[in-house]
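Could you put the whole structure together from the sequences, leaning on the hints where they help?
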Amino acid sequence: MEEREWVQQIVRGDAAARERFVVQFHESVYRWLRYLTGSGQEETAQELTQETFLAALRGLDRFEGRSALVTWLHRIAYHQFTHWLRDRRQQEHWHTGLEAAEELADPTGKNAWESLCLRQALKQLSEAHRDTFILHYVQQLSVQEVAEVLEVPPGTIQSRLYHARQKLRELLQEPAVFQAEHQEIGAAPAEIACRMERK
Amino acid sequence: MNCRRLNKIEGIGAWWHRLWCKECRSAHKADAVIARGVRQWQETPAPTDSLSRTLAALGIVPTQLGQPLSPAEIRSRLGRALLLVGLGIFIMALTQPETIGRSVLDPLLTRQGLFGGAAGLWALIALFSYLKPLAAMLTDYVPLFGSRRRSYLVISAGLASLLWLTTLLTPNSPAMLTIACIGVGAMLALGSTVIGGFLVEQGQKYGATGRLGALHQMLLHLAWMIAAPLSGFLAGMAFHLTPIFSAALLLILAFCSYGLMREETSAPPVKHTVKDSWNQVRSLARSRTMWSLAAILILVFSVSNFSTVLSEQQAELGFTPALQSLLEFTGHAASLAGIMIYLLICRRYPLQSLLIPGIIGNALGTLLYLGYHPHLTPAEAVAIEIFNGMASALIAVTLFDLAVRAVPVGSECLGYAILMSVINISSRFSDLLSVHLMSHYHFSFAMIVGLSAGSCLLAALAVPFLPREVVSRREGEPALPPRRSLDAGRAQSAPV
Numbered sequence: 000m001e002e003r004e005w006v007q008q009i010v011r012g013d014a015a016a017r018e019r020f021v022v023q024f025h026e027s028v029y030r031w032l033r034y035l036t037g038s039g040q041e042e043t044a045q046e047l048t049q050e051t052f053l054a055a056l057r058g059l060d061r062f063e064g065r066s067a068l069v070t071w072l073h074r075i076a077y078h079q080f081t082h083w084l085r086d087r088r089q090q091e092h093w094h095t096g097l098e099a100a101e102e103l104a105d106p107t108g109k110n111a112w113e114s115l116c117l118r119q120a121l122k123q124l125s126e127a128h129r130d131t132f133i134l135h136y137v138q139q140l141s142v143q144e145v146a147e148v149l150e151v152p153p154g155t156i157q158s159r160l161y162h163a164r165q166k167l168r169e170l171l172q173e174p175a176v177f178q179a180e181h182q183e184i185g186a187a188p189a190e191i192a193c194r195m196e197r198k
Numbered sequence: 000m001n002c003r004r005l006n007k008i009e010g011i012g013a014w015w016h017r018l019w020c021k022e023c024r025s026a027h028k029a030d031a032v033i034a035r036g037v038r039q040w041q042e043t044p045a046p047t048d049s050l051s052r053t054l055a056a057l058g059i060v061p062t063q064l065g066q067p068l069s070p071a072e073i074r075s076r077l078g079r080a081l082l083l084v085g086l087g088i089f090i091m092a093l094t095q096p097e098t099i100g101r102s103v104l105d106p107l108l109t110r111q112g113l114f115g116g117a118a119g120l121w122a123l124i125a126l127f128s129y130l131k132p133l134a135a136m137l138t139d140y141v142p143l144f145g146s147r148r149r150s151y152l153v154i155s156a157g158l159a160s161l162l163w164l165t166t167l168l169t170p171n172s173p174a175m176l177t178i179a180c181i182g183v184g185a186m187l188a189l190g191s192t193v194i195g196g197f198l199v200e201q202g203q204k205y206g207a208t209g210r211l212g213a214l215h216q217m218l219l220h221l222a223w224m225i226a227a228p229l230s231g232f233l234a235g236m237a238f239h240l241t242p243i244f245s246a247a248l249l250l251i252l253a254f255c256s257y258g259l260m261r262e263e264t265s266a267p268p269v270k271h272t273v274k275d276s277w278n279q280v281r282s283l284a285r286s287r288t289m290w291s292l293a294a295i296l297i298l299v300f301s302v303s304n305f306s307t308v309l310s311e312q313q314a315e316l317g318f319t320p321a322l323q324s325l326l327e328f329t330g331h332a333a334s335l336a337g338i339m340i341y342l343l344i345c346r347r348y349p350l351q352s353l354l355i356p357g358i359i360g361n362a363l364g365t366l367l368y369l370g371y372h373p374h375l376t377p378a379e380a381v382a383i384e385i386f387n388g389m390a391s392a393l394i395a396v397t398l399f400d401l402a403v404r405a406v407p408v409g410s411e412c413l414g415y416a417i418l419m420s421v422i423n424i425s426s427r428f429s430d431l432l433s434v435h436l437m438s439h440y441h442f443s444f445a446m447i448v449g450l451s452a453g454s455c456l457l458a459a460l461a462v463p464f465l466p467r468e469v470v471s472r473r474e475g476e477p478a479l480p481p482r483r484s485l486d487a488g489r490a491q492s493a494p495v
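In the order they appear, the protein sequences are chains A and B.
So for the first sequence, numbering that gives the first Met the number 0 puts the first residue at 0; every next one is plus one.
So for the second sequence, numbering that gives the first Met the number 0 puts the first residue at 0; every next one is plus one.
There may be inaccurate statements among the hints.
To be verified - Rough simulated footprint, nothing fancy, chain B against chain A, three-plus residues with beta-carbon under 8 angstroms:
{"no.": "1", "region": "11-19"}
{"no.": "2", "region": "24-38"}
{"no.": "3", "region": "50-59"}
{"no.": "4", "region": "159-171"}
In short, the hints are calculated from the structure, not lab data.
Glycine included, each C-beta is placed from N, C-alpha and C at the ideal position.
Rendered as structure tokens:
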């Protein structure tokens, strides 16, 4: 079904359409806000997710369809986050070494260490590059959509993606180093993660 | 990272370049780590109560839609899907006029020599099996009574049952009998297309493409194994038993479809216009995955079926009809064993680990026919048939699994029908090609065998072009959305 028809159904008060709207985009929005809010802020991410959908449902009658719903939601979520950041006077993300180890469902799982490596490597990027990378590769938004969310030109997004990718390649071109670190994670995940941070 | 070729080439060229360029090798390793890290990040789920809390905060009362399925519910739904697919595949394969009805209908249909005799008549009756893509477009894009699958399946099985019963009224009129059989063939083509689309849908939804694909292949082989003796038995008893038996089976299928198949009948109707349907076909035609897959299927199946040539070779070597029947039966039984093996290994290994060994195994199994010599013993012939049967079934079910995974969402019936048509046409063409090569170009049996094995091995070259999100999963793992290419120069483009 086209998004405009779907939005019209929701605006008309179709309960099933409203529920479908929340169910469809919830995971993606929550993951985006979970990344933005950083370590130990699960409740904040949950609250901001609720605020995002509340704002979206209130503003749906003004949705003109110039961008995709997912882009629009990410933009609302980003604004909710910046408002929260301003209100809490927090100026930097909490990407400590502990975050990566805590968030993994099973830090000792053999398939989890690439995610750990990636998050550690992403901390070496600037905030703008990091946000751009996450939106494009993890949240699966197109370059145009990322540009709309972050309110910068698409050319800037492409440039950021290029530099982010180059930097990550330099950092991760010796995954054996990360693998050697990871083999100790079963013993003391927090300690190892912090050691990687100090590097 | 200063290599000028970094990000500029892909595919086989990039693989070749990396053999010589350390920098690109390192970048490739890093890309793999990044890609796996992104996938693991995407797989990390939100807390289980997060969605319900959000719905509660918004004042939305969650229906089934909002609740994640419990493992028991998933098993129940998958069990229903397996039962329905199994029944549908088996009954539709068995009740084909040219399968169960050949013994009793052949003398009646060919009485007046219509359409050039038996071969022409059966080709006409089987015509609709080659028009499945048209039936698929109908079911994918034109919902009937609010559903895309159930209504079509119930109606096609019901009408096929009715048309089988009409043959009881027209045994003395070959023309009317032919029309009735064509009608049955058309309805079964429609029904099997729907079952195929349902198989793709459920397989992709529950990560059960391997199990459903194996079931599909297993029941086809079973239907072929029992069709000939059953057809002979029924024809030997009385004419009317075959139509009544077939009609009864199809009626059972219609009732089971009505009771077991669940669809969202409250879903809004799909907007169908000729333009929308044509756009879907165009996007399928532009899909690199579908083309890579079609190339693999053609290379594996287009020269693999040389059954006519094989039968002639067996007759030349003095194989008795009884031995030939035993070998055919052994081949089918070995195929069933191969499918069982696939069921065991598909949950342990990702599909990409099974494709190349399967292709090589199939080629080796084919090359065993080079062992056909004048002093071949029946035991050796049976051993060849066992190995070849297992190897060919393994690659067939592996490719079927791949085909089911690769079909785009929203075009399940059409994608499935197109890929099955490629397989069916390639197999038929293969037999004709081998006969043609032997009779017109004096190819020896050994050359036919070598050509078949070589063509199969060529298919391995197309495997690297298949998307990783399709081939990197094991059976039972959920499908992920397509990953963004890590090539920034094409960062604007659609996913890989």
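Here is what the structure says about each hint:
By the rule of at least three residues with a Cβ nearer than 8 angstroms to a Cβ of chain B, the coverage given for the region 11-19 of chain A holds, with 5 such residues. Here the region 24-38 of chain A counts 5 residues with a CB under 8 angstroms from a CB of chain B, which clears the bar of 3, and the coverage holds. Only residues whose beta carbon comes within less than 8 angstroms of a beta carbon in chain B count, and the region 50-59 of chain A has 3; three or more means the coverage holds. With 9 residues carrying a beta carbon less than 8 angstroms from a beta carbon of chain B, the region 159-171 of chain A meets the three-residue requirement, and the given coverage holds.
Of the numbered hints listed earlier, not one is contradicted by the structure.
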